[in-house]
Amino acid sequence: QVTLKESGPGILQPSQTLSLTCTFSGFSLSTYGMGVGWIRQPSGKGLEWLANIWWDDDKYYNPSLKNRLTISKDTSNNQAFLKITNVDTADTATYYCARIDVYYGFDYWGQGVMVTVSS
Amino acid sequence: DIQMTQSPHSLSASLGETVSIECLASEGISNYLAWYQQKPGKSPQLLIYYASSLQDGVPSRFSGSGSGTQYSLKISNMQPEDEGVYYCQQGYKYPYTFGAGTKLELK
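From first to last, the protein sequence lines are chains A and B. With the first letter of the first sequence counted as 1, position 73 gets the number 73 in the numbering used here; the numbers rise by one all the way through. With the first letter of the second sequence counted as 1, position 74 gets the number 74 in the numbering used here; the numbers rise by one all the way through.
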């Protein structure tokens, strides 16, 4: 059974760094072809893809966030991480992690973690 | 970036009705197209992958079709539990992009 769960700070101030953790089970990021992605959704709005990390440590980022993103993984502990630097109110959203399927969609999603950026 | 233009923005359907949602990509995406359903307060759920393959556990009244730049999701025999927002997503080229969503309501 595949499960994913996000965790994060809940609230942070503008200019701080947002650190998110995705803890998953039912698959391994050391297995050939496996990948995890991060997607966010401001309240009442659509979905925005942020980053992917693959079993071989290949990483891909959304260029719209202009080098503010860093994705990483801890294979031993079945975790993936996302850092967003220099946050502002526009980064207020629910953040999801999801497993990437073989056709580059997302087949399993976490429940999401709400992040609010406010002074 | 590949733009995903989804239509309509919203629609309402009667019980048992068949509805279709369209997704137009700004360039060919070789069927790397997924459809998701999202209900209020919940995570998106994968319905269709690779344009027309039904995800395990998804009712067969959902179907996907299309090729090149044009794709569609069909929901046959509309049920109350089908209410929600539907998104398309391309995984052909980075950055992955989503359509803006279609809100489906029961009439």
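Keep in mind that the hints were calculated from the coordinates and are not lab data. Accuracy of the hints is not assured; some may be wrong.
Cut-off 25 Å, straight-line C-alpha distance, at most; resulting in silico cross-link-like pairs (SDA-like, lysine to any residue) [what the hints assert, rightly or not]:
| hint | chain 1 | residue 1 | chain 2 | residue 2 |
| --- | --- | --- | --- | --- |
| 1 | A | 59 | B | 7 |
| 2 | A | 45 | B | 24 |
| 3 | A | 59 | A | 118 |
Selected chain B positions facing chain A (in silico; Cβ < 10 Å) [unchecked claim]:
| hint | residue |
| --- | --- |
| 4 | 44 |
| 5 | 61 |
| 6 | 94 |
Heads up, the beta-carbon is just placed ideally off N, CA and C, and yes, glycines get one too.
Against the structure, the hints come out as follows:
1. A:59 - B:7: Not OK: residue 59 of chain A and residue 7 of chain B at ~32 Å, beyond 25 Å, violated.
2. A:45 - B:24: With Cα atoms ~20 Å apart, residue 45 of chain A and residue 24 of chain B stay inside 25 Å; holds.
3. A:59 - A:118: violated, 29 Å
4. 44: holds, 6 Å
5. 61: violated, 20 Å
6. 94: Given a least distance of 5 Å, the restraint on residue 94 of chain B holds.
Hint violations for this structure: numbers 1, 3 and 5, all remaining hints satisfied.
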